[in-house]
Each structure stands twice: as C-alpha cells, then as structure tokens.
Amino acid sequence: MIKKLLLIVIPLVFVWQCAPKVSYVQYFNSVVNDLQFENYSSALKKIDLAKKENRYTRKERVLYYLDKGLVDYYAGDYNSSIKYLESAEQAMEELFTRSVSQIAASYLLNDNVMDYYGEVYENLYVNIFKALDYLNLNKMDDALVEAKRANLKLQELDEKYGKMVDDLNSSKDSKVKITKPAQHFYDDVLAHYLSYLVYRSDEAEDEALISKKKLLQAYETESDVYYFDAPLFLKKRMPELEETTLDVIAFTGSAPRKEAVGGLITTYDGYIGISDLSQPIALPNIPFPGMKAGYHFKFAFPVIQRVGSKIARINMRIDGKDHPSLYLLEDMGKVAEKTFETKRNMIYIKTLVRTISKGLLAAEAKKKMKKKTNGNLFMNALIDAAVDVGVDATEKADVRCWRTMPENCYVGEYFLNPGNHSLTVQFMTRDGLLIKEKKVMNYRVKKGVNILDFVSLN
Amino acid sequence: MKVHPIIRLIPLTIIGLLLVNCAGPSRTVSRIQVDKTTDISGRWNDTDSRMTAQAMVKQVLTGGWLQTFMDDNERKPILVVGKIRNKTSEHLDTDLFVKDLEKELINSGQVTFVASGKARKEVRNERLDQQSYSSAETAKDLANEQAADFILQGAIYSIVDSFEGKKTVLYKVDLELVDVESSTKVWMGDKKIKKFIQQDQYKW
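Just so you know, the protein sequences line up as chains A and V, in that order.
The first sequence runs 1 to 458 under this note's numbering.
The second sequence runs 1 to 204 under this note's numbering.
Source of the hints: derived by calculation from the structure; they are not laboratory data.
One or more of the hints may lead you astray.
[Stated by the list, open to error] Here are the computed lysine-lysine pairs in the DSSO-like style, where the Cα-Cα straight-line distance is at most 27 Å:
(1) V:K166 - A:K343
(2) V:K191 - V:K203
(3) A:K447 - V:K140
(4) V:K118 - A:K350
(5) A:K52 - A:K83
(6) V:K76 - V:K191
(7) V:K118 - A:K83
(8) V:K87 - A:K213
(9) V:K140 - A:K214
(10) V:K87 - A:K139
(11) V:K172 - A:K213
(12) A:K292 - A:K370
(13) A:K447 - V:K87
(14) A:K214 - V:K167
(15) V:K87 - A:K446
(16) A:K446 - V:K118
(17) A:K83 - V:K87
(18) A:K446 - V:K121
(19) V:K87 - V:K203
(20) A:K139 - V:K191
(21) A:K139 - V:K192
(22) V:K172 - A:K212
(23) V:K203 - A:K396
(24) A:K139 - V:K83
(25) A:K139 - V:K99
(26) V:K118 - A:K447
(27) A:K139 - V:K166
(28) A:K343 - V:K167
(29) V:K103 - A:K139
(30) V:K192 - A:K338
(31) A:K396 - A:K46
[Stated by the list, open to error] Simulated restraints, written as ranges between beta carbons of each label pair:
(32) V:V114 - A:D224: 51 to 59 Å
(33) V:L128 - A:Y443: 33 to 41 Å
(34) A:R237 - V:N73: 55 to 63 Å
Ideal Cβ positions, reconstructed from N, Cα and C, are used throughout, including at glycine.
Generate the whole structure from the sequences, applying the supplied hints.
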C-alpha cells in the first residue's frame, strides 16, 4: 500500500519542482504595474530578481529574454534590447526541435513541463521590436531585415501549425478529431509599415510603394484582425523624396494574457460532456468511442484574455498647434487572439485526452488500493484524497506568455519643414481625460523621413 | 474499465523523463583552422564571405574593362570598394565582406587600391596632424591623394523557402564596377550560394 502511494507521491514532488511557481502571475502583475508608471528600472530589477529566484526557469528562458529585451526597448537601451530579443529569437528557433521526453511528460502531466517556445504572435513581435530598436539606432538595413523576417515567419508558422494538427488527427490514439481553423494571417500590417518607412528613408520609392500596397491589402484580406479603417494618410499619396515627414509610432495598453479556464468532464457511454466552465465558453459534447459512463474529472486549459487599454485616442501637437490624432494601425491583442486560435483546439483536445487518461488511471488505482483496506473508512478517505489531490495538482493550464508586450500600435504622419520642432503627444481616454502627456522640445527634424516612437502602457 | 499494465509504469516513466529534462547542456571547445569550412546555424558566415569575395574578384579581374583601361591609360586602374548593401533577411556583417573583397583585390596585384570610407578620413586626419607636428621633410603633402577610377558597389540578396524544419536559402551577391568619372557601369557580376538547412523536429 505504502509503495503504491509513494509511486504517486514521488512523481508529484518532481512535478512541483519543475512546474512554474504559482506566484508567477502575481509577481509579473507588479512588473506590468511598473511599466504603466514607466518605472522601467524597477521593472528590469524585478525581472532580474525573478531570474535569480528561479521564477524563470531554463524552460522559461524565452520569456526572460522577451521581457528583458522589451523593457530595455521601453527604457531606450536599444543595444541591450537587441541582444536579449536576439537571444529570445534564437531560443525559439532552437526549440523548434521538440524534446520527445518533454512531449511525453506533457501528455502525462501538463504543458508546463515543456520548454516554452513562444506563441506565433510572440515569434512575430520579437522581430517588430528588434526592427524598432534598429530604427532608433538609425540602422536601416538591419531594421529592414527584421521586418522581412516577421513576414517570412507568418507564412512558415501557418504551415507548421497546420501540419501539427494533421499529425494529431492521423494518430491512432486520437479518439477525437480537431478542426483546423485557417489562420489566414499572412501579412502583418505593422511589419509592412516598418518596411514602408525604412524604404522611404532609403529613398527606395518602388519598394516603399509595394510595402504600402501590401499593408493596405492586409486591411481588406484580414478584415477580422484589421476590423478598423486603415490610417487615412496611408490611403493618400506617398510623400515625395524631397518632402520631410515626422512619422510617429505609439504603443499603448497591456498585452493579452493567457488565463486558465477550469471545467468538469463527465463521462457517458460513448461520449464525454463538459460542464461548470469557469468562463462562459460553449463546448459541445464530444463523441469518445469506448468510454463508460459515470466518471467526473476536473480539467483546465488556457485561453487568451484581453486586458484592454484606457487609452482610446492619441493627440498630437506640433509647435503648439493641434495636428490630426494618431490612427490605430494594429490591434496587437487581436493578432494574438487570431494566431492563438490555430493552436487552441489542439491544446483543448490534448487537455481532454490527458485528463481522461489520468482520471481513469487514478480511478482504477483507487479501486485496487481500497480492496486492501478491508473497508477501513479512514484509509479509504485518505486514498481518495491523496489520489485526487495528486491528479488535480498535475493538471494545470499552461498560462505562460509575454506579459510585458503592449496591446495597440498607433501611427501618424506629419509634413514638416526641416529644423527644430516642439512636440507634445497626449494619451487620452475615450471620455477625453488626459492619461499621459509626453513632450519633446527642440526635436531636430532632418530632411526626409524622421521616425519617433512613444510608449504608454496604460 | 481495465487499466493496461504498461500504464502502471507511468509514475516511474515520469521520474525518468523529468530527470532527463533537468539535465543541463555540456560544452566543449576545440581549436580549428581559420579557413576550415564551418556550417553551424546555416546563416551567412565567414566561409561564405571569403569564398564569395574570391570568386567575385576573379570575375571582375577577368572582365574586358581591365585590359581596355590599361591599353588606354598605360597604368593599373585605381579602385575603391563602396557600400555593399544587405538586402537579405539576415543580419550580415557586410564590412567583413568588403574587407575580404579588398584583400583579394590587393593580393591580385592587377589593380591599385585606395582606402575607402572611414579609413580615408583617418588618413586625412593623420596628414593634417603631420602638417603641425611632423618635420617639413617627412610630412606628407596635402591634396596629393590618388583618385579612384572605379568604385565597386553592390548588394547581397536572399530568397528563403522553408517548411517543417527544412529550409533553403539562396544568397545572391550582385556587384558592379562603376566608372567614377562617367558613372557608366563597366562590369557586372553575381555569385550565388544555395544552402539547405535541416533542423530535427525531435530530440530525446
């Protein structure tokens, strides 16, 4: 009896050792809070402390590099940002090679035992922020490299996830089939917009026009992600080479995050039913050949949740005069939702299969162990509690994600004369309340394209 | 519902798997010849830069323009290497490639070579310093530089095709030699390198 209990308890010890700490989410809320108050040095210290305290384990190294790199970008330390974001991208590339042992463990325990290899949108925005770092360092060729890589990735990742779903469906063990949602997200407007700016800076008019055309096309072909109008200035003529513009990019809000949706599986003859979901998601009964009625198992899977932004408008004043507000270019949260959809069904079905397998195994183990207690009620209760706690403890949704990312990207283009200008950017709520005001006095506008970025993560 | 005996091995399997996962990577270092071909990540590397520079300089020096210039001017042409643009989807150190080109051109002995860009500025500053701090006999004359007859310019492009851990990258290096006086292109050439990169989908 003790041996059997040990067989359950020992793996749990290892699971708790390797699982991300429960306080991970709470801890990073305080980092996000620092970012909203633009206390970047404090956020960086907390990220480093988290690394020291093993809140980012080796399995979460991608997240550490992403967080560190992005906060460095917010803080204006572009070289350091490039270093960490480059490390993040390299780690994501390396993790394309999946560990068989981790995959097997994830089918038995949960996805937290696997190295975090980054979501599609994280893999995309790592290049976007690197491009912005290079733009700030005036390294145009390098900025363009990053914008190109972002678009190459979108095509590649779509094919990759499609194949993963096909593989899972063709598996002999798969009792339930997954529908493959078409990603239809091949063009990222923000990546094209950065290319457009870089080409214009480089006086490569033809290439700039092509990027602009692709960008506008994406608003039509991906209307569910780009559910708003394209910025008006992009619909107009492209500035001439001899004209001087100030191109403003602003990031607002907090990235969407993953949250665990808990629920209950009830088994019936030949199918399973899902109930008691902690979030109102409509899930149909699922045919499950060979299933017997009468079991109840708890499960949890991750969903993407929008955090929202208080900022609804960004006003621009140049030399004391009002200019048109910035336009929403990309709802990055929507991109996250859309790209996560490709993977969501796969995670959902994997979670169900794993929960049911573990639940059945536990039920059988309980039955066997109880036979040897000679009806001792205390021992039976102990067995029930130990096995249930053990099974529930291993079933945890993988809610790891890039929490320091912004939610929206706004842009504006202003024709100016070369020379010094004073700029005021006002971040406003829907009701017209001023949340944040940023002033840049005597900004030197040179002939041609001038790119300036602002951040307010409220 | 009967549980298969293999399922009973699950707890021990989990321990084994987790122990494997917790094992850290190891690193070894060994010294190799600097000109040895090394392909690790599949990205553009020193070997690509060196081999492309050698091939392209060979091309440029066998072009008809060289003999024509020497027949017309009875001297070797003076060359400068201009900017080589990176138009790929990788961060390439084009300065390294420019250095490889310069090295191959100088070592060929068929052209005279003038320093380019930053190096020229440094030399000019040194010459200016000499006017103030060196003896009149040894200080070098101002405005006595040899002007370049031709400038070598170009760009590196890449086309990537990838799926399921398999990737082909075609690098195309385009170079052109431009007559500085007339702005006419006297030679154009290219060199292509194609790589196939495969990454395992699974490891233990």
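Of the numbered hints stated earlier in the document, which are not met by this structure? 2, 3, 4, 9, 19, 27, 30 and 34
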